[in-house]
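Mapping to our numbering: the sequence shown position 9 is 9, numbers consecutive.
Among the clues, some could well be false.
[Said to hold, decoys possible] Listed next, with one range per pair, are the computed distances between beta-carbon atoms:
1) Glu-38 / Arg-87: 33 to 43 Å
2) Leu-70 / Glu-32: 38 to 48 Å
3) Asp-14 / Ser-73: 15 to 25 Å
4) Ser-65 / Lys-15: 26 to 36 Å
5) Lys-156 / Glu-90: 28 to 38 Å
6) Arg-87 / Arg-34: 23 to 33 Å
7) Ala-24 / Lys-156: 17 to 27 Å
8) Ser-73 / Glu-38: 12 to 22 Å
9) Glu-120 / Arg-85: 48 to 58 Å
[Unchecked claim] Result set (DSSO-like, lysine-lysine): computed pairs, CA atoms no more than 27 Å apart in a straight line:
10) Lys-133 / Lys-15
11) Lys-133 / Lys-147
12) Lys-16 / Lys-6
13) Lys-99 / Lys-133
14) Lys-94 / Lys-16
15) Lys-117 / Lys-133
16) Lys-117 / Lys-94
For the record, the hints were derived by calculation from the structure and aren't laboratory data. Glycine residues also receive a C-beta, built at the ideal position from the N, C-alpha and C atoms.
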Amino acid sequence: MTGAQKVTPSVEDDKKRLSRLAVAADALKDDEWRMDCEGSQTRVSVKRRNGAEAVILQFSPDALSDEIELASSALEILLLLFRTRSRAAEQFRKMQDQKAEKPALRNGDFTTEAAMKLQEAPFRRFLEEIAGKGPVRDAAAADRVLKLLLGIESKKQLNEDMVAQQAWFDLRARYDAWNRGEP
Numbered sequence: 001m002t003g004a005q006k007v008t009p010s011v012e013d014d015k016k017r018l019s020r021l022a023v024a025a026d027a028l029k030d031d032e033w034r035m036d037c038e039g040s041q042t043r044v045s046v047k048r049r050n051g052a053e054a055v056i057l058q059f060s061p062d063a064l065s066d067e068i069e070l071a072s073s074a075l076e077i078l079l080l081l082f083r084t085r086s087r088a089a090e091q092f093r094k095m096q097d098q099k100a101e102k103p104a105l106r107n108g109d110f111t112t113e114a115a116m117k118l119q120e121a122p123f124r125r126f127l128e129e130i131a132g133k134g135p136v137r138d139a140a141a142a143d144r145v146l147k148l149l150l151g152i153e154s155k156k157q158l159n160e161d162m163v164a165q166q167a168w169f170d171l172r173a174r175y176d177a178w179n180r181g182e183p
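Please construct the entire structure, taking both the sequences and the accompanying hints into account.
Structure (structure tokens):
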């Protein structure tokens, strides 16, 4: 097949085209488009918001039903497109706001810090006391209790997951207070 190659419009061209279509769709949004068939003639007519009626499109008898459907639904499709675009933009703004509110992960090797704490007898006694799951006599038992308390499966999550990281900071602060003899 020969012929001219299609050129993909630039982003700027697409923005201009969308802007023109948005203006047109807004101007026509209250109009009622209808498809009429009379004999072998299929056409699209409009009842405008001022009450005037007009035939705006007449199809050739050779037009396929999909072509007729697409052309006769153009205004409806355009309005749907802009509603969807508006909803997506609103969702994006909400997500950006939520992202801005959410604190970033802190840098540090909290996995190693936790592993070192598990080796300390006072930290194991603290875990035993707050967990109430029986004796925590070694680092392996302390590791199981720590993961249970923090709701994690791996200590690696302390470096990678915001919720796990915050839970670790909270537990560490409780331990520091406990270690100082504070309630």
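* Determine which of the earlier numbered hints do not hold for this structure and return their numbers in increasing order. => 2, 7, 10, 13, 16
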